[in-house]
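Novice: This note's numbering applies: residue -16 is where the sequence shown begins, and numbers increase by one.
Treat the hints loosely; a few may be bogus.
Unchecked claim - Subject to a maximum C-alpha distance of 20 Å in a straight line, what follows is the list of computed SDA-like cross-link-like pairs (lysine to any residue):
(1) 194 / 312
(2) 170 / 203
(3) 165 / 122
(4) 194 / 299
(5) 213 / 297
(6) 311 / 200
(7) 297 / 203
(8) 155 / 286
(9) 181 / 294
(10) 348 / 286
(11) 170 / 186
(12) 195 / 262
(13) 348 / 294
(14) 67 / 91
(15) 297 / 317
Simulated from the structure, these hints should not be mistaken for lab results.
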Amino acid sequence: FNNPEFRFNRLCKIQRLFEFFERTETRTSFPNMFRISNLVLYILTIIHWNACLFFAISKSIGFGTDTWVYPNVSHPEYGRLARKYIYSLYWSTLTLTTIGETPAPVRDVEFLFVIGDFLTGVLIFASIVGNVGAMISNMNASRAEFQAKIDSIKQYMQFRKVTKDLEARVIKWFDYLWTEKKTCDEKEVLKNLPDKLKAEIAINVHLDTLKKVRIFQDCEAGLLIELVLKLQPQVFSPGDYICKKGDIGREMYIIKEGKLAVVADDGVTQFVVLSDGAYFGEISILGIKGSKAGNRRTANIRSVGYSDLFALSKDDLMEALTEYPDAKKALEEKGKAILMKDNLIDEAVANAGADPKDLEEKIVKLQSNLDMMQGKFAQLMAEFTSTQARIKQRVTQMEAKVKSIKPEDLTEVVADKDKKVQ
């Protein structure tokens, strides 16, 4: 069978094509480009089908019988297959896009076909405008949202009369965030993912960075995963101090990208520059007994340019270590070894028993927690007493009402009920 009509049943599989488009749009990394390509494909398909209909109508009427139909195929120039298709496609494109003049129809069927083409062309044009507009809006959605944030902070700074120097620093900060594509909120992006997938993404992104820290090398995989989930990204602008000498160390930092300078107290003289992959503050968050520096920072560290860091707080570390007591001991031993190597530990204090000051601090914390619990208990008791008093008052009122009812009133009520029942 050479008749193409017998192959129309293949259109029943077109639903699979739409399913493929939906899956690809979801999975592709360039959804906007795919949507544009999809729209172009739909338009070309409609133009192709319309060209085929034009040729079929011309064939049924008769080639060359009037000025509207396809020319006579007996002419060598119009008898070639390539010319038949290109001519029909050209006519279909001009008609559907309404950008060119075509021969005027002669017969009724030709008029009806051209009217249908014009209406289809209007729908196609409206679809193109609507889809392209939506695609452009989607492509610029993040930029528009970011620009709205900049505009709001500009208005705030003008309202509060912020100095021009500080205003320029804020604008440069936003420029850096946009150029380095750091505008998205990771928590907001990942909030709809299940915890397991969040953990896998965090491991994939941050685990290698955490393994570079010497005290965490050879730690249990479970502990590293716990710590990876607790890393907090932080960005510092040029000249910002990450820490100053004498500050209490509550976090350790890992440099993801950028440069930090260890500077003198004047903030200008540089002793050393830390770059990608470097880390500091890991000893202070362990709170190792006998450390000569205690948990105080021993240097001034300043950002040279824009720097991306990961911060791990002492509280998060201790929370993770509660489930890994062996790992906690191992980390403390590693920290002691590092301090002993650098002669930064008092061995007598380190090898002594529990520090009375530490015990005193723990007792103070326990006392504080106990006071807090007592306060909450007193609040609950007050609420209970108040509720009990209100209930007693309502019971007393009900008793007074019952006592005020006379026997003859009860007799009348019973009689009324009997009448209603009858």
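Novice: Does each hint fit the structure? Answer for all of them.
Specialist: We went through each hint and held it up to the structure:
1. A C-alpha spacing of about 18 Å is found between residue 194 and residue 312, which places the hinted pair at or below 20 Å, so the restraint holds.
2. Restraint check for residue 170 and residue 203: the C-alpha separation of about 26 Å exceeds 20 Å, so the hint is violated.
3. Restraint check for residue 165 and residue 122: satisfied, since their Cα atoms lie roughly 17 Å apart, inside the 20 Å limit.
4. Of the pairs offered as hints, the one joining residue 194 and residue 299 holds, with about 17 Å between alpha carbons and a cut-off of 20 Å not exceeded.
5. For the suggested pair residue 213 and residue 297, the alpha carbons sit about 11 Å apart, so the restraint of at most 20 Å is met.
6. Between residue 311 and residue 200, the direct Cα distance comes to roughly 13 Å. Compliance with the 20 Å bound is thereby established for this hinted pair.
7. Between residue 297 and residue 203, the direct Cα distance comes to roughly 19 Å. Compliance with the 20 Å bound is thereby established for this hinted pair.
8. Between residue 155 and residue 286, the direct Cα distance comes to roughly 15 Å. Compliance with the 20 Å bound is thereby established for this hinted pair.
9. Taking the CA atoms of residue 181 and residue 294, the gap is about 18 Å. The hint holds against a cut of 20 Å.
10. Note on residue 348 and residue 286: the hinted pairing is violated, with a Cα-Cα distance of about 36 Å set against a maximum of 20 Å.
11. This hinted pair checks out: residue 170 and residue 186 have alpha carbons roughly 15 Å apart, not beyond 20 Å.
12. Under the criterion of a C-alpha separation no larger than 20 Å, the hint pairing residue 195 with residue 262 is consistent with the structure, at around 8 Å.
13. Our distance criterion of 20 Å between C-alpha atoms is broken by residue 348 and residue 294, whose separation comes to about 26 Å.
14. In summary, the hint linking residue 67 to residue 91 is not supported, as the alpha carbons are separated by about 23 Å, beyond the 20 Å threshold.
15. A C-alpha spacing of about 17 Å is found between residue 297 and residue 317, which places the hinted pair at or below 20 Å, so the restraint holds.
In summary, the numbered hints that this structure violates are 2, 10, 13, 14.
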